[in-house]
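These protein sequence lines are chains F and W, in that order. Going by the numbering used here, the first residue of the first sequence is number 1, and it counts up by one from there. Going by the numbering used here, the first residue of the second sequence is number 1001, and it counts up by one from there.
Careful, some of the hints might be misleading.
To be verified - As a list, the in silico DSS-like pairs of lysine-lysine whose alpha-carbon atoms are at most 25 angstroms apart:
| no. | chain 1 | residue 1 | chain 2 | residue 2 |
| --- | --- | --- | --- | --- |
| 1 | F | LYS58 | W | LYS1149 |
| 2 | W | LYS1097 | F | LYS149 |
| 3 | F | LYS71 | W | LYS1139 |
| 4 | W | LYS1076 | F | LYS124 |
| 5 | W | LYS1067 | F | LYS183 |
| 6 | F | LYS110 | W | LYS1067 |
| 7 | F | LYS124 | W | LYS1086 |
| 8 | W | LYS1067 | F | LYS71 |
| 9 | F | LYS137 | W | LYS1067 |
| 10 | W | LYS1154 | F | LYS71 |
| 11 | W | LYS1059 | F | LYS124 |
| 12 | F | LYS183 | F | LYS124 |
| 13 | W | LYS1059 | F | LYS71 |
| 14 | W | LYS1076 | F | LYS58 |
| 15 | F | LYS110 | W | LYS1059 |
Calculated from the structure, these hints are not laboratory results.
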Amino acid sequence: MSLSRDQIVKRIAQELKNGFTVNLGIGMPTLVANHIPPGIDIVLQSENGILGLGPFPKENEIDADLINAGKQTVTVLPGASFFSSSDSFAMIRGGHIDLTVLGAMQVDEKGNIANWMIPGKMVKGMGGAMDLVAGAKRVIVAMQHCDKKNNEKKVLKLCTLPLTGIGVVDLIVTDMGVMEVTKDGLMLIEHAPDLTPEQIQEETEARLIISPKLKPVRV
Amino acid sequence: MIASYVGENDIFEKQFLSGELEVELVPQGTFSERIRAGGAGIPAFYTPTGVGTLIAEGKDQREFDGKPYILERALKADFALIKAWKGDAYGNLVYRKTTRNFNPMMATAAKITIAEVEEIVPLGTLDPDQIHTPGIFVKRIIQGLRYEKRIENKTVSP
């Protein structure tokens, strides 16, 4: 069995360290906030201008003026602050964010990432993703290992879609396993419990280096 | 149209893909900084964002302290339409929560900035220490009628 979305984000939550300031991308990455390990104290940043993001509001707490970058209604925790986009990206570009988690359409063995457009088909715009990958101290990608609908691989030797950043990804967590970007390529460090490294390699265009410490994902 | 994120806007995407609308997509942090620079009299700046991507094409690239950066130009406009929470007759503005986002930079980068506020308050009511946009940047101020705050993506905890 490969990992569910929930298991992917739970695994990523294990990368959170005490005192981190973290920016979670729109979509699956946002769910990482539901699994912050006990005893780990982090501050969540949202690039539309919040430090100290809290959980989603109860029905009677909804405030139209308080949303996250994905335009979802949110709350803030004690000690939170609001600021302009200019201050927000000074935090991001200026290296003040410890970790960002982003989705991706493609990643490759050089740590390149593509997640903002498919020429002629789909244009979302890069939003803050290019700034985040350029400025955050650590970049983790949360994604499905393959595009099952179109039967296309997404973990590649070299991305074919327009890039969001070059050589910026540190760790890739998919439904099949966990890969670290090293100077020699992608190292498979954890595998989904029921998958063998050979099965994962089969769904991966990049050549995987199998870690001597390879172990099953535990979530 | 110059924008950063147009996802979830199907009409816009269709107009762009069909060539009906000319669009320049800009990384969000580069976008806010280009506007900030425009308002602050800075014609261009180097940023690490977008190095090695489509965004860098045709732009000057330089290394500082061993890292590559690209040159981005400032952005200015004839008009800026912004929205604040409270304002006064001098054009001083206060924003509420996450509605601040691009408004303070936009206010500085246009020949004529028009601010819509939820409430115009008498001069001296706003605490000078709490003003986000000083009045010098605002040329017109209007108080909107019948406010309806729409929520695009209502998400609640169980």
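Going down the list of hints, with the structure as the test:
| no. | hint | verdict |
| --- | --- | --- |
| 1 | F:LYS58 x W:LYS1149 | 18 angstroms, holds |
| 2 | W:LYS1097 x F:LYS149 | 40 angstroms, violated |
| 3 | F:LYS71 x W:LYS1139 | 30 angstroms, violated |
| 4 | W:LYS1076 x F:LYS124 | 24 angstroms, holds |
| 5 | W:LYS1067 x F:LYS183 | 18 angstroms, holds |
| 6 | F:LYS110 x W:LYS1067 | 17 angstroms, holds |
| 7 | F:LYS124 x W:LYS1086 | 33 angstroms, violated |
| 8 | W:LYS1067 x F:LYS71 | 34 angstroms, violated |
| 9 | F:LYS137 x W:LYS1067 | 15 angstroms, holds |
| 10 | W:LYS1154 x F:LYS71 | 8 angstroms, holds |
| 11 | W:LYS1059 x F:LYS124 | 23 angstroms, holds |
| 12 | F:LYS183 x F:LYS124 | 31 angstroms, violated |
| 13 | W:LYS1059 x F:LYS71 | 32 angstroms, violated |
| 14 | W:LYS1076 x F:LYS58 | 41 angstroms, violated |
| 15 | F:LYS110 x W:LYS1059 | 24 angstroms, holds |
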